Amino acid sequence: EAGVAQSPRYKIIEKRQSVAFWCNPISGHATLYWYQQILGQGPKLLIQFQNNGVVDDSQLPKDRFSAERLKGVDSTLKIQPAKLEDSAVYLCASSKWDRESSPLHFGNGTRLTVT
Amino acid sequence: AQRVTQPEKLLSVFKGAPVELKCNYSYSGSPELFWYVQYSRQRLQLLLRHISRESIKGFTADLNKGETSFHLKKPFAQEEDSAMYYCALSGQGAQKLVFGQGTRLTINP
Numbered sequence: 172e173a174g175v176a177q178s179p180r181y182k183i184i185e186k187r188q189s190v191a192f193w194c195n196p197i198s199g200h201a202t203l204y205w206y207q208q209i210l211g212q213g214p215k216l217l218i219q220f221q222n223n224g225v226v227d228d229s230q231l232p233k234d235r236f237s238a239e240r241l242k243g244v245d246s247t248l249k250i251q252p253a254k255l256e257d258s259a260v261y262l263c264a265s266s267k268w269d270r271e272s273s274p275l276h277f278g279n280g281t282r283l284t285v286t
Numbered sequence: 002a003q004r005v006t007q008p009e010k011l012l013s014v015f016k017g018a019p020v021e022l023k024c025n026y027s028y029s030g031s032p033e034l035f036w037y038v039q040y041s042r043q044r045l046q047l048l049l050r051h052i053s054r055e056s057i058k059g060f061t062a063d064l065n066k067g068e069t070s071f072h073l074k075k076p077f078a079q080e081e082d083s084a085m086y087y088c089a090l091s092g093q094g095a096q097k098l099v100f101g102q103g104t105r106l107t108i109n110p
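Taken in order, these protein sequences are the chains called R and C. Sequence positions in the first sequence follow this note's numbering and run 172 to 286. Sequence positions in the second sequence follow this note's numbering and run 2 to 110.
Worth flagging that the hints you see were computed from the coordinates, not collected in a lab. The structure presented is a predicted model; accordingly, all values stated were derived computationally and were not measured. Ideal Cβ positions, reconstructed from N, Cα and C, are used throughout, including at glycine. Warning: the hint list may mix true and false statements.
Unchecked claim - As a list, the in silico EDC-like pairs of lysine to aspartate or glutamate whose alpha-carbon atoms are at most 20 Å apart:
| hint | chain 1 | residue 1 | chain 2 | residue 2 |
| --- | --- | --- | --- | --- |
| 1 | R | Lys233 | R | Asp257 |
| 2 | C | Lys97 | R | Glu239 |
| 3 | R | Lys215 | C | Glu9 |
| 4 | C | Lys23 | C | Asp63 |
| 5 | R | Lys267 | C | Glu33 |
| 6 | R | Lys215 | C | Asp82 |
Said to hold, decoys possible - Facing chain C, from chain R, some residues (calculated, C-beta under 10 Å):
| hint | residue |
| --- | --- |
| 7 | Gly174 |
| 8 | Tyr206 |
| 9 | Gly211 |
| 10 | Gln212 |
| 11 | Leu216 |
| 12 | Pro274 |
| 13 | Leu275 |
| 14 | Gly280 |
| 15 | Arg282 |
Turn these sequences into a full structure, and let the hints steer you where they fit.
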């Protein structure tokens, strides 16, 4: 099966600029996640979608971050305006939805550098 | 609150030696525990999960609820085991994964 696709792979922007990341999950996976991984740390969940509804966005900085998953398939994550501390790898993952916790399948990530 | 602690950021062992990567967790209910691995230039992927009770690539992990631990073990390390390892926890049925900070394992020849 095709894996989780993310683009772009790398992005360099200046602080206060805007940036958007795109994710295409594995076909048939109802659940989609965006994680932020700062250098030297483990991934931190930003937002979780179930189809096109938000399940958990408790750790999403909503004053600058937004995400959507129209039609319950692709998703975009946007940062506006970016800060230096947003420099990180942004990982998208998807999983099936069933009674047991299905494993997450990760994309390659987008490495964001804010200067 | 869910929390995962991996006390070692770096771990280095020689090929053929036993390896143990430590993971402790904090969760008030019945957790589901996972180990994820990221090899060089590859994406993060599932290594094993406690409910499967299986050995993957020679690795095993036992959930110890009394000690709230889920340590990853392998009796004889191989060079290809060098990677970044993350312990992760999910609340039962919640599917939200909380990750530890990771341990970089290096196997020396």
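Hints versus structure:
1. R:Lys233 with R:Asp257: holds (13 Å)
2. C:Lys97 with R:Glu239: holds (18 Å)
3. R:Lys215 with C:Glu9: holds (19 Å)
4. C:Lys23 with C:Asp63: Status holds; Cα separation ~11 Å.
5. R:Lys267 with C:Glu33: holds (16 Å)
6. R:Lys215 with C:Asp82: violated (24 Å)
7. Gly174: Given a least distance of 7 Å, the restraint on glycine 174 (chain R) holds.
8. Tyr206: holds (8 Å)
9. Gly211: Constraint on glycine 211 (chain R) satisfied, holds at 7 Å.
10. Gln212: For glutamine 212 (chain R), the interface hint holds, since the closest Cβ of chain C sits about 5 Å away, which is under 10 Å.
11. Leu216: With a closest approach of 6 Å, the leucine 216 (chain R) hint holds.
12. Pro274: Holds: closest Cβ of chain C sits about 4 Å from proline 274 (chain R), inside 10 Å.
13. Leu275: Holds: closest Cβ of chain C sits about 6 Å from leucine 275 (chain R), inside 10 Å.
14. Gly280: Glycine 280 (chain R) check passes; min Cβ-Cβ to chain C is 7 Å, inside 10 Å.
15. Arg282: Violated, because the Cβ-Cβ distance from arginine 282 (chain R) to chain C comes to roughly 13 Å (cut-off 10 Å).
Comparing the model with each numbered hint stated earlier shows that hints 6 and 15 do not hold.
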